[in-house]
Amino acid sequence: MAFRDRDRKDFNAGIMYVVIGAFFAGFATNYPMGSAVRMGPAYFPTILGAMLVTLGLLLVFRSFFMRGGERPSKTHWQPLLGILGAVLLFAFLIDRTGLILASAVTMVVCSLGGWDFKWKEQVVNSVVMTAAVVGIFYHGLGLPFRLFPWS
Amino acid sequence: MDFSALIPNLTLGFTVALSFQNLIYCFIGVLLGTLIGVLPGIGPVATIAMLLPITFNLPPTPALIMLAGIYYGASYGGSTTAILVNLPGESSSVVTCMDGYQLGRQGRAGPALAIAAIGSFFAGTVGTLLIALFGPPLAELAFAFGAAEYFSMMVLGLISAVVLASGSLIKAIGMILVGLLGGIVGTDVNSGIARYSFGISELSDGIGFVSVAMGMFGFGEIIANLGQTSLARHVEVSKVHSLMPTKDDIRMSIGPIVRGTAIGTVFGILPGAHTVIAAFSSYTMEKKLAKDPTRFGKGAIEGVAGPESANNAAAQTCFIPLLTLGIPTGAVMALMVGAMTIQGIAPGPQVMTQKPDLFWGMIASMWLGNGMLVILNLPMIGMWVQFLKIPYRLMFPGICLFICIGAFSINNASFDVYMATLFGFFGYYASKWGCEPAPLILGFVLGPLMEENLRRAMLISRGDPSVFFTRPISLGMLLVAFALLAMIVLPQFRKKRAEVVGEADA
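So the sequences go chain by chain: A and B. Under numbering that gives the first Met the number 0, the first residue of the first sequence carries the number 0, and numbering increases by one thereafter. Under numbering that gives the first Met the number 0, the first residue of the second sequence carries the number 0, and numbering increases by one thereafter.
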């Protein structure tokens with residue numbers, strides 16, 4: 000029952016639940032609790048948060064007795080950073096430069112998260128998709144996008 | 000039961016669904032759903048989340064007709080991929096893969112696709128009829144529900160969703176709780192206090208669960224796909240020679256199609272991972288009934304006919320709880336709730352009485368959409384084959400971009416895109432640790448509803464929690480929920496569950 004023998008999936012999930020539950024239940028102390036008849040805004044989240052902490056502790060406790068569980072697979076940093084970075088860039092650029100630049104940049108950065116990155120291929124892909132997206136969403140569906148940084 | 004209103008109701012439905020505009024939207028929905036659905040590694044939830052924004056500018060009826068079309072287009076597209084390449088786009092297609100892909104390798108992909116289409120159409124027809132038959136009486140029943148009944152029903156819904164879902168029970172309940180908590184972020188309707196908003200004005204409107212679904216199912220899935228190498232290889236696509244099934248194929252498939260439909264309709268109404276369980280149960284049943292079970296896994300046509308019918312029947316009947324009670328039973332239905340809310344419709348029994356044209360139009364269009372699927376898929380199979388050959392490395396940036404635009408267009412705000420990023424990150428790690436995203440989405444939708452009904456029930460009962468046990472319908476539902484939980488503790492059932500959902504996981 001050594002610490003390093005714990006089931007890492009259960010342990011990590013349990014810690015995650017404890018943290019989330021404690022956060023919600025703890026922060027709920029800022030709101031009025033009310034009573035069972037007139038529940039205040041803190042009532043429901045406190046109950047749920049407490050339940051979540053209990054479940055999390057159970058998972059952590061159990062993880063020491065569940066030997067031989069699979070280890071969680073390694074983090075794939077390249078796709079994780081590539082995709083989420085591209086999405087963050089999209090959110091940042093869409094307000095500042097409009098749809099065209101945001102789409103083109105997102106496409107290229109996103110493809111950095113995949114395998115066999117080839118500049119030429121992905122730039123062409125980016126141009127084609129940007130044109131398609133402007134055609135579909137702006138012209139076709141009439142969604143109110145700003146297209147250019149100056150428009 | 001009163002069936003006399005069925006004919007005029009269906010007539011109304013078909014008048015709505017057969018209008019030129021709605022037919023076109025239904026067609027576009029089915030086409031786009033199939034188009035995205037055939038892409039390997041993208042399930043129906045991600046497909047719907049991705050295509051949701053194209054319905055924003057439409058009036059409610061065509062928007063929902065189109066979304067329903069996207070849903071079954073995506074489900075069917077997943078089967079096509081399963082038969083042609085050994086890469087299931089969604090978990091329910093895993094079953095189809097087992098024999099469908101083998102048939103494909105024997106040069107019989109065409110008949111397998113045709114049987115899958117015929118089975119799905121039959122199942123879709125039965126499913127649609129059942130909605131039309133049982134929708135109105137169930138909605139009547141729902142009108143009699145008070146706050147206590149609604150609360151107990153949601154408890155039952157959530158419990159059965161986790162019992163039937165895959166993976167660890169404790170983790171699934173945990174994800175539901177996380178979802179419920181996330182769902183109540185925002186302004187509290189009773190006190191007007193903005194809970195957990197930290198002074199961010201967008202958060203006081205709550206976290207839009209469409210962006211949560213986009214993040215967890217869309218980005219999360221893509222990152223996980225890129226992490227494994229199976230999609231990196233050039234995909235081998237089976238050739239389609241002729242679509243015509245032989246007489247033997249048809250003879251052997253009739254039984255599985257009928258049985259699969261029956262299994263699927265039952266599982267569809269139950270909350271949880273309905274399509275997966277339905278498909279698996281049907282496969283297991285056909286294997287048990289077969290004279291020569293060893294043929295299964297080596298290209299038995301029954302192994303395609305049964306699960307495909309079950310899958311599609313469940314995909315239809317899972318609309319019943321949503322349309323009559325307003326309770327979503329899974330992640331896809333949760334997204335439909337989101338779509339309805341965006342259109343200004345509160346899902347529930349009142350939809351049928353207040354907007355009969357929408358309700359019956361949608362039902363009629365489901366049947367038309369299922370017909371379109373057959374017409375669309377069989378002759379156009381060559382196009383899907385070409386589409387499947389596009390390498391994933393060119394495909395995924397475009398999918399990401401679509402999701403970004405989708406998240407942005409919910410409120411025309413980049414805030415939702417930031418939220419989707421956050422949940423993509425969370426979802427990626429949560430599923431690494433064995434916590435599935437589907438229960439979270441369900442909790443997200445039900446969070447505010449549960450709190451509201453709990454409050455109301457307790458207010459009416461003057462703070463006496465026994466109200467949940469003294470009202471018979473409420474008590475019945477809680478007893479069923481308790482029985483389900485008790486069942487899972489029994490070793491025998493536990494083993495069975497691990498067999499069914501564990502396999503589905505692989």
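Hint data in this document are derived by calculation from the structure and do not stem from the laboratory. In this text the structure is predicted, and so the values were computed from the model without any measurement. Hints are not guaranteed to be accurate.
To be verified - Simulated DEER-style distance windows between Cβ atoms:
#1 B:Asp204 - A:Ala21: 39 to 45 Å
#2 A:Tyr137 - B:Ile199: 25 to 31 Å
#3 A:His138 - B:Gly370: 28 to 34 Å
#4 A:Ala35 - B:Gly254: 34 to 40 Å
#5 B:Tyr428 - A:Gly134: 35 to 41 Å
#6 A:Arg61 - B:Thr293: 36 to 42 Å
#7 A:Pro31 - B:Phe133: 55 to 61 Å
#8 B:Ser190 - A:Gly25: 16 to 22 Å
#9 A:Gly134 - B:Gly370: 26 to 32 Å
#10 A:Leu57 - B:Leu140: 53 to 59 Å
#11 A:Arg61 - B:Gly254: 42 to 48 Å
Stated by the list, open to error - If we take Cβ atoms under 10 Å as the criterion, some of the chain A residues that face chain B in the derived model are:
#12 Phe10
#13 Gly55
#14 Val108
For glycine and all other residues, C-beta sits at the position ideal for the given N, C-alpha and C.
Hint check:
no.: 1; hint: B:Asp204 - A:Ala21: 39 to 45 Å; in the structure: violated (25 Å)
no.: 2; hint: A:Tyr137 - B:Ile199: 25 to 31 Å; in the structure: holds (29 Å)
no.: 3; hint: A:His138 - B:Gly370: 28 to 34 Å; in the structure: holds (31 Å)
no.: 4; hint: A:Ala35 - B:Gly254: 34 to 40 Å; in the structure: violated (55 Å)
no.: 5; hint: B:Tyr428 - A:Gly134: 35 to 41 Å; in the structure: holds (36 Å)
no.: 6; hint: A:Arg61 - B:Thr293: 36 to 42 Å; in the structure: holds (40 Å)
no.: 7; hint: A:Pro31 - B:Phe133: 55 to 61 Å; in the structure: violated (43 Å)
no.: 8; hint: B:Ser190 - A:Gly25: 16 to 22 Å; in the structure: holds (19 Å)
no.: 9; hint: A:Gly134 - B:Gly370: 26 to 32 Å; in the structure: holds (30 Å)
no.: 10; hint: A:Leu57 - B:Leu140: 53 to 59 Å; in the structure: violated (37 Å)
no.: 11; hint: A:Arg61 - B:Gly254: 42 to 48 Å; in the structure: holds (44 Å)
no.: 12; hint: Phe10; in the structure: holds (9 Å)
no.: 13; hint: Gly55; in the structure: holds (7 Å)
no.: 14; hint: Val108; in the structure: holds (8 Å)
In summary, the numbered hints that this structure violates are 1, 4, 7, 10.
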